Amino acid sequence: MSVPTSRTVAPRRSRLLALAVVALVAPFTSGCATQQALQAYQDEVITLRDENSRLKSEKLELERQVNTYESELSSLDARLRDASAPLPTPNFSELTNAGMEVSMRGQDLVISIPAGITFASGSASLSPGGQDAVRLVATRLRNEYPSAEYWIEGHTDTDQPTKSKFSSNRELSIARARSVHSFLVEQCSVSDANCIVAGHGEYRPIADNSSAGGKARNRRVEIVVHRR
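Sequential numbering from 74 applies to the sequence shown in this note's numbering.
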């Protein structure tokens with residue numbers, strides 16, 4: 074059996090010393106890593122809490138905006154229903170007593186002047202009775218609807234012109250609408266800028282053209298008051 078010498082004992086002591094140092098340091102190293110992980114976890118928790126708080130605030134703000142928009146939408150819907158509801162027909166007795174028809178078409182007032190009191194057959198020249206009727210209408214337009222648009226629209230029955238200078242009912246209806254427009258502007262001080270003139274011929278009847286009474290109603294000039 075060999076006896077350890079100083080040369081063999083020294084390396085063993087060195088290894089033992091190294092192991093002892095490692096054993097002493099290891100707990101501290103492990104504890105440091107654990108502390109860092111814990112700190113990182115706590116930082117992440119704080120970040121997530123802040124993010125959650127921010128998202129809750131945004132959610133509350135969005136809900137407030139949605140409630141505001143829904144309230145505004147309800148108000149607009151109510152206003153739209155009110156605006157779409159037919160308005161009552163005004164009592165313009167002086168017009169109806171003169172043989173005109175007054176009605177509402179949605180939001181628009183329609184004053185219908187029969188051709189029987191405004192024009193001779195096949196003519197586009199206003200008769201004296203027609204001039205009186207248009208003066209009555211002009212008074213209402215100036216007093217009641219000064220800023221409205223006035224759509225002056227001529228209409229005829231289905232009988233085609235035979236003894237007039239107009240080759241079609243379309244031409245005749247346009248000429249009659251122009252006559253009413255000119256009288257309103259030149260003789261009754263109605264603003265020309267408010268007027269729109271059109272002729273529809275026989276294509277927009279309000280009565281059956283198979284009877285004389287229906288044809289008489291269809292021969293007309295309408296003044297449609299479109300409020301802006």
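The hints are simulated quantities; they were obtained by calculation from the structure and are not laboratory data. Bear in mind that the values here come from a model prediction, so they are computed numbers and not experimental data. Glycine is no exception: its CB is placed at the ideal position from the N, C-alpha and C atoms. Treat the hints with care, since some could be wrong.
Okay, the calculated beta carbon distance ranges per label pair [claimed, not checked]:
1) Leu-121 / Gln-180: 51 to 59 Å
2) Ser-237 / Arg-154: 18 to 26 Å
3) Tyr-276 / Thr-141: 18 to 26 Å
4) Cys-105 / Glu-143: 52 to 60 Å
5) Thr-212 / Arg-178: 20 to 28 Å
6) Ser-262 / Met-177: 19 to 27 Å
7) Tyr-218 / Ser-283: 52 to 60 Å
8) Glu-131 / Ala-106: 32 to 40 Å
9) Glu-131 / Ala-271: 53 to 61 Å
Results of checking the hints against the structure:
1. Leu-121 / Gln-180: 51 to 59 Å: Distance hint for Leu-121, Gln-180 holds at roughly 58 Å.
2. Ser-237 / Arg-154: 18 to 26 Å: violated, 47 Å
3. Tyr-276 / Thr-141: 18 to 26 Å: violated, 48 Å
4. Cys-105 / Glu-143: 52 to 60 Å: Given about 57 Å between the Cβ atoms, the range holds.
5. Thr-212 / Arg-178: 20 to 28 Å: Between Thr-212 and Arg-178, where Cβ atoms are some 21 Å apart, the hint holds.
6. Ser-262 / Met-177: 19 to 27 Å: Given range 19 to 27 Å: holds, Cβ gap about 26 Å.
7. Tyr-218 / Ser-283: 52 to 60 Å: Since Tyr-218 and Ser-283 have Cβ atoms about 36 Å apart, the given range 52 to 60 Å is violated.
8. Glu-131 / Ala-106: 32 to 40 Å: Between Glu-131 and Ala-106, where Cβ atoms are some 37 Å apart, the hint holds.
9. Glu-131 / Ala-271: 53 to 61 Å: With Cβ atoms ~55 Å apart, the hint holds.
The structure fails to meet hints 2, 3 and 7 from the earlier list, while all remaining hints are met.
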